[in-house]
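Residue numbers (the UniProt record's numbering), protein chains in the order written: chain A, 1 to 189; chain B, 1 to 120.
Derived by calculation from the structure, the hints in this document are not laboratory data.
Don't take each hint at face value.
[As the list claims (entries may be wrong)] 25 Å max Cα-Cα, derived SDA-like pairs, lysine to any residue: (1) A:K26 <-> A:G38; (2) A:K146 <-> B:S33; (3) A:K79 <-> A:I23; (4) A:K180 <-> A:E162; (5) A:K102 <-> B:D39; (6) A:K114 <-> B:F51; (7) A:K138 <-> B:S47; (8) A:K155 <-> B:D53; (9) B:K52 <-> B:D74; (10) B:K52 <-> A:E159; (11) A:K138 <-> B:E43; (12) B:K102 <-> A:T171; (13) A:K165 <-> B:N76; (14) B:K102 <-> A:I23; (15) A:K155 <-> A:D100; (16) A:K180 <-> B:G70; (17) A:K146 <-> B:I114; (18) B:K84 <-> A:A187; (19) B:K31 <-> A:V119; (20) B:K88 <-> A:E181; (21) A:K26 <-> A:D75; (22) A:K102 <-> B:N76; (23) A:K49 <-> A:H88; (24) A:K79 <-> A:T62; (25) A:K28 <-> A:G69; (26) A:K28 <-> A:N13; (27) A:K79 <-> A:R17; (28) A:K80 <-> A:E53; (29) A:K155 <-> A:K165; (30) B:K52 <-> A:I178; (31) B:K62 <-> A:A187.
Each chain, letter by letter, is given below.
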Amino acid sequence: MADNADHIDGDDNEDVRAQQNLIKIKLKSSEGGIYECGLTAAKMSDLVKNMVESLGTDAVVTTEPIILGNEAVTDAALKKIIEWVEFHWDDPPVDHDFEDEKDRRNEELSHWDKQFIDVDDQALLFDVIAAANYMDIKGLVEVGAKHICSKIRGKSCQEVREMLKITNDFTAEEEDAIHKENAWIYAKD
Amino acid sequence: MGQQMTTTKTSLETTDDGNEDNRQQPKIYSKDSLDRFGDDLCELLLSYFPFKDRFRCECVSKQFQRTVFGSVVDINIDDRFMSKILYKKRVNNQKLVSIAIKCPNIETIVCEVISTEYMK
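Chain A with its partners taken away, still in its complex shape (with noise of 0.2 Å):
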């Protein structure tokens, strides 16, 4: 462990991200619950991994719960994620050259991540982006982001507001002029 604590911030070592992820941390919800993680994968989110880093030794680390207070990060919530990051823990890291970053976000979501954010209940899904984004997990909030891009595609504005549950807060007039400004944008050729 001697050896490992000098390559901490050395993310790049498979066998290191490996090995760290054979440490468990916990992680505390808003609600109180705690729930253990790897290391490696807990560190997906830059909160996380900002926190561990800050209180230097793994030591601390693992037996001191990391408080996650946004009230997002509710039990369900925070289980879901942590499920989300020990699986996700081993992907190749992400590359910010702007051809591949804009390639990834028109991919399509990996059958296991689709499964994984389809979740029936709305609230717990909207908990799991907003604490992911709260936790900065940048990779699960894109998983976030496109299924809810993929489930309000082609859909009328109505339809939109009635699947997100978003309030119209234009007046009737005001819609219809935005509608009448873009209609020729979106009009079928």
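The hints should help you fit chain B onto chain A, whose structure is shown.
Structure of chain B alone, referenced to chain A:
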């Protein structure tokens, strides 16, 4: 960390930035409503939306209107798009202007895929 978020019933209440007609009082949003998300997260989610659908969805809500176009950084102009902006064989600049106004962050306009008949 996050203390500022504990003061309201929902942590992710819309953070309006002084737009005059947005209700400024703290609002309690239902957990299964997308209204609970702030503009930043909303914009991030909508950044995965196809270009045309963004225009269809602009009138979903004022939050959508504020956030749906910010992430448009490149536009692909292809033949289908050209046929939409042509009026009597000339490009209707007004239409292009209206897109440019709505999407303030455009960096690239890709015209590689326009066939030569439009290039005359």
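These are the hints, each one checked on the structure:
1. A:K26 <-> A:G38: 9 Å, holds
2. A:K146 <-> B:S33: 17 Å, holds
3. A:K79 <-> A:I23: Given pair K79 of chain A, I23 of chain A holds - Cα atoms ~18 Å apart, limit 25 Å.
4. A:K180 <-> A:E162: 22 Å, holds
5. A:K102 <-> B:D39: 22 Å, holds
6. A:K114 <-> B:F51: 23 Å, holds
7. A:K138 <-> B:S47: Since the Cα atoms of K138 of chain A and S47 of chain B sit roughly 13 Å apart, the hinted pair holds (cutoff 25 Å).
8. A:K155 <-> B:D53: Roughly 9 Å between the alpha carbons, so the hint for K155 of chain A and D53 of chain B holds.
9. B:K52 <-> B:D74: 13 Å, holds
10. B:K52 <-> A:E159: Between K52 of chain B and E159 of chain A the Cα gap is close to 17 Å, so the pair holds against 25 Å.
11. A:K138 <-> B:E43: 14 Å, holds
12. B:K102 <-> A:T171: Judged against 25 Å, a Cα distance of about 20 Å means the pair holds.
13. A:K165 <-> B:N76: The hint is violated at about 32 Å.
14. B:K102 <-> A:I23: Given pair K102 of chain B, I23 of chain A is violated - Cα atoms ~49 Å apart, limit 25 Å.
15. A:K155 <-> A:D100: Measuring from Cα to Cα gives roughly 29 Å; hence the hint is violated.
16. A:K180 <-> B:G70: 21 Å, holds
17. A:K146 <-> B:I114: With a Cα-Cα distance of about 28 Å, the restraint between K146 of chain A and I114 of chain B is violated, given a limit of 25 Å.
18. B:K84 <-> A:A187: 9 Å, holds
19. B:K31 <-> A:V119: Since the Cα atoms of K31 of chain B and V119 of chain A sit roughly 14 Å apart, the hinted pair holds (cutoff 25 Å).
20. B:K88 <-> A:E181: 20 Å, holds
21. A:K26 <-> A:D75: 13 Å, holds
22. A:K102 <-> B:N76: Given that 25 Å is the threshold and the Cα spacing comes to 13 Å, the pair holds.
23. A:K49 <-> A:H88: 15 Å, holds
24. A:K79 <-> A:T62: 18 Å, holds
25. A:K28 <-> A:G69: Between K28 of chain A and G69 of chain A the Cα gap is close to 8 Å, so the pair holds against 25 Å.
26. A:K28 <-> A:N13: Distance of about 28 Å is beyond 25 Å: violated.
27. A:K79 <-> A:R17: Holds: K79 of chain A and R17 of chain A sit about 22 Å apart, inside 25 Å.
28. A:K80 <-> A:E53: Roughly 24 Å between the alpha carbons, so the hint for K80 of chain A and E53 of chain A holds.
29. A:K155 <-> A:K165: 14 Å, holds
30. B:K52 <-> A:I178: Holds, at about 14 Å.
31. B:K62 <-> A:A187: Cα-Cα ~22 Å, so holds.
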